[in-house]
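Chemist: Throw the hints in and build the complete structure from the sequences for me.
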Amino acid sequence: GAVVSQHPSWVICKSGTSVKIECRSLDFQATTMFWYRQFPKQSLMLMATSNEGSKATYEQGVEKDKFLINHASLTLSTLTVTSAHPEDSSFYICSARNPGNQPQHFGDGTRLSIL
Amino acid sequence: GENVEQHPSTLSVQEGDSAVIKCTYSDSASNYFPWYKQELGKRPQLIIDIRSNVGEKKDQRIAVTLNKTAKHFSLHITETQPEDSAVYFCAAVTNDYKLSFGAGTTVTVRA
Chain A
3 GAVVSQHPSW
13 VICKSGTSVK
23 IECRSLDFQA
33 TTMFWYRQFP
43 KQSLMLMATS
53 NEGSKATYEQ
63 GVEKDKFLIN
73 HASLTLSTLT
83 VTSAHPEDSS
93 FYICSARNPG
103 NQPQHFGDGT
113 RLSIL
Chain B
65 GENVEQHPST
75 LSVQEGDSAV
85 IKCTYSDSAS
95 NYFPWYKQEL
105 GKRPQLIIDI
115 RSNVGEKKDQ
125 RIAVTLNKTA
135 KHFSLHITET
145 QPEDSAVYFC
155 AAVTNDYKLS
165 FGAGTTVTVR
175 A
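Residue numbers (my numbering), protein chains in the order written: chain A, 3 to 117; chain B, 65 to 175.
Some hints could be false.
[Claimed, not checked] Mimicking BS3-like on lysine-lysine, the simulated pairs with C-alpha atoms at most 25 Å apart in a straight line are:
(1) B:86 x B:132
(2) B:101 x A:43
(3) B:106 x B:86
(4) B:162 x A:22
(5) B:162 x A:66
(6) A:22 x A:68
(7) B:106 x A:22
(8) B:86 x B:101
(9) A:68 x B:162
(10) B:162 x B:86
(11) B:101 x B:162
(12) B:106 x A:43
(13) A:43 x B:86
(14) A:43 x B:162
(15) B:121 x B:86
(16) A:57 x B:162
(17) B:162 x B:132
(18) A:22 x A:66
(19) A:66 x A:16
(20) B:101 x B:135
(21) B:135 x B:122
(22) B:106 x B:162
Quick caveat, the hints were computed from the structure, so don't treat them as lab data.
Modeler: So, in structure tokens, the structure goes:
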């Protein structure tokens, strides 16, 4: 149980393109999902907390207009990287929390490469 | 916010020896401390966790200790095997459920 699916797993696109990443909790309802970014050989850095039915909470230094987060249902959160540039190339990972429980369950991650 | 420091950044051990990774945290409100193993290009996998009301927990070759007073916790891997080679992250969680990760330790087990 507690499976989180993330799609796509790999994206290569041109600079200026917007990219949408989906994070789904398959067998539980997740009122809260988290989005992380991981650059090569670095740790996971929390970008934002996604709450179902309300606006996401962004960490300091993360541009909310560039990284659009939508959590319209209890099983789906999306992250859209708008007008992506090469410096946005990274590994993006979502996680979901089963209410009342730890730990968070991670998706498989999305490798984003902007040319 | 929470600040988690992790040492060492790299660790090379002979197969069969033990590996120890240490972390400290800053927020005394942190109450949950998971450890993750991450292989290249993969998701972090939870390997063990400990809550603030427990001082030690063991699962086969893996153990974690927590010292709340000193705000530090450690991961111990005994009888290391080549498949233990990976990057390990400690993390701390406060009541807002946010994970604050350490910088990671690259563990290499030499056969």
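Chemist: Starting from residue 162 of chain B, check that the Cα of residue 66 of chain A is at most 25 Å away, please.
Modeler: holds (18 Å)
Chemist: Mind checking the alpha carbons of residue 162 of chain B and residue 22 of chain A for me, to see if they're no more than 25 Å apart?
Modeler: holds (23 Å)
Chemist: Run the distance test for residue 66 of chain A versus residue 16 of chain A: straight-line Cα separation, threshold 25 Å.
Modeler: holds (21 Å)
Chemist: Is residue 86 of chain B within 25 Å of residue 101 of chain B, Cα to Cα?
Modeler: holds (14 Å)
Chemist: Would the pair residue 43 of chain A and residue 86 of chain B pass a check requiring their Cα atoms to be no farther apart than 25 Å?
Modeler: Distance of about 19 Å is within 25 Å: holds.
Chemist: Verify the proposed pairing of residue 101 of chain B with residue 43 of chain A, using a straight-line Cα cut of 25 Å.
Modeler: holds (14 Å)
Chemist: With a cut-off of 25 Å on the C-alpha distance, tell me whether residue 22 of chain A and residue 66 of chain A pass.
Modeler: holds (14 Å)
Chemist: Holds or violated: residue 121 of chain B and residue 86 of chain B, Cα atoms, limit 25 Å.
Modeler: holds (15 Å)
Chemist: Compare the distance between the alpha carbons of residue 162 of chain B and residue 86 of chain B with 25 Å, and conclude whether the hinted pair is satisfied.
Modeler: holds (20 Å)
Chemist: Going straight from one Cα to the other, do residue 101 of chain B and residue 135 of chain B come out at no more than 25 Å?
Modeler: Holds, at roughly 22 Å.
Chemist: Compare the distance between the alpha carbons of residue 106 of chain B and residue 162 of chain B with 25 Å, and conclude whether the hinted pair is satisfied.
Modeler: holds (21 Å)
Chemist: For residue 68 of chain A and residue 162 of chain B, compute the direct alpha-carbon distance and say whether it is at most 25 Å.
Modeler: At roughly 22 Å apart (the allowed maximum being 25 Å), residue 162 of chain B and residue 68 of chain A satisfy the hint.
In terms of the numbered hints stated before, the structure departs from none.
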